[in-house]
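Place chain L on chain B using the hints.
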Amino acid sequence: AQSVAQPEDQVNVAEGNPLTVKCTYSVSGNPYLFWYVQYPNRGLQFLLKYITGDNLVKGSYGFEAEFNKSQTSFHLKKPSALVSDSALYFCAVSSLAGNNRKLIWGLGTSLAVNP
Amino acid sequence: DTEVTQTPKHLVMGMTNKKSLKCEQHMGHRAMYWYKQKAKKPPELMFVYSYEKLSINESVPSRFSPECPNSSLLNLHLHALQPEDSALYLCASSQGTGVAGPWDEQFFGPGTRLTVL
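Residue numbers (this note's numbering), protein chains in the order written: chain B, 255 to 369; chain L, 117 to 233.
Hints in this document: simulated from the structure, not taken from any laboratory. Please read all numbers here as calculations on a predicted model, not as lab measurements. Accuracy of the hints is not assured; some may be wrong.
What the hints assert, rightly or not - Pairwise CB distance ranges, derived in the manner of DEER restraints: (1) L/233 x B/368: 23 to 31 Å; (2) L/130 x B/261: 35 to 43 Å; (3) L/178 x B/284: 47 to 55 Å; (4) L/131 x B/310: 49 to 57 Å; (5) B/269 x L/130: 41 to 49 Å; (6) B/331 x L/144: 40 to 48 Å; (7) L/167 x B/261: 34 to 42 Å.
Said to hold, decoys possible - List time: in silico DSS-like cross-link candidates among lysine-lysine, alpha-carbon distance up to 25 Å: (8) L/154 x B/276; (9) L/152 x B/303; (10) B/276 x L/156; (11) L/135 x B/303.
Glycine residues also receive a C-beta, built at the ideal position from the N, C-alpha and C atoms.
Chain B extracted, bound-state conformation (with noise of 0.2 Å):
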């Protein structure tokens, strides 16, 4: 079965501080993997995304991800956090439905960047 597990219920960083927001996952096949943000009281709105190639991604807002094949991993990543970064992560994997795909989320992980 496909899944994905975001092992962090709550992040904490300090503003200005390296932030990561971690995301694993199991699939079969390739994945392709995505990060979305949901700002209080808003909808979703998409980050980034990994299809092939790079392992590095670069999406929105200056925020990166790092995809890892050996360890399933897939770890948002910002190098200097902002306050307005305080938000609602979530990891997903597009996951194959019979003639469809549809998107199997993480739990979310809770990010609270402090001034």
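Positioned in the frame of chain B, the structure of chain L alone reads:
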């Protein structure tokens, strides 16, 4: 236009009411989705429309009835809901679906906050 719009933003309804949620996108996307999301939880897929045809129904109760009138519009008709149906309902769209576009990201609307009394 890279926006998915949803109306209304907030909806309060009684258990005997009938109401509808609306979603619209003008990005030419061929797949559209309805999700239900409880606070601080991941979104739960309800329905997927591919090329205006229902392709996935995640065993959603019949009190939720989706409709795709055309390639830009998606409705969710609500009838005889229960208080536990109170949630944020999200609409999303993507360029492709199925094996043709497994890597397409989904664009989400802001959601409708539904309260069932």
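Against the structure, the hints:
The beta-carbon spacing between residue 233 of chain L and residue 368 of chain B, approximately 38 Å, falls outside the hinted interval of 23 to 31 Å. Look at residue 130 of chain L against residue 261 of chain B: about 41 Å separates their beta carbons, and that is inside 35 to 43 Å. Judged by the Cβ atoms, the range 47 to 55 Å given for residue 178 of chain L and residue 284 of chain B is violated: they are separated by roughly 36 Å. A beta carbon spacing of about 51 Å between residue 131 of chain L and residue 310 of chain B agrees with the range 49 to 57 Å that was offered as a hint.
About 45 Å separates the C-beta atoms of residue 269 of chain B and residue 130 of chain L, a value consistent with the hinted range of 41 to 49 Å. Here the CB-CB span from residue 331 of chain B to residue 144 of chain L is close to 33 Å, at odds with the stated 40 to 48 Å. At about 38 Å, the beta-carbon gap between residue 167 of chain L and residue 261 of chain B stays in the expected band of 34 to 42 Å. The straight-line distance between the Cα atoms of residue 154 of chain L and residue 276 of chain B is roughly 22 Å, inside the 25 Å bound, and the hint therefore holds.
Note on residue 152 of chain L and residue 303 of chain B: the hinted pairing holds, with a Cα-Cα distance of about 23 Å set against a maximum of 25 Å. Taking the CA atoms of residue 276 of chain B and residue 156 of chain L, the gap is near 17 Å; set against the 25 Å cutoff, the hint holds. A hinted pair counts as satisfied when its Cα atoms are at most 25 Å apart, and residue 135 of chain L with residue 303 of chain B does not qualify at roughly 36 Å.
Checked against the numbered hints given earlier, the structure breaks hints 1, 3, 6, 11 and satisfies all the rest.
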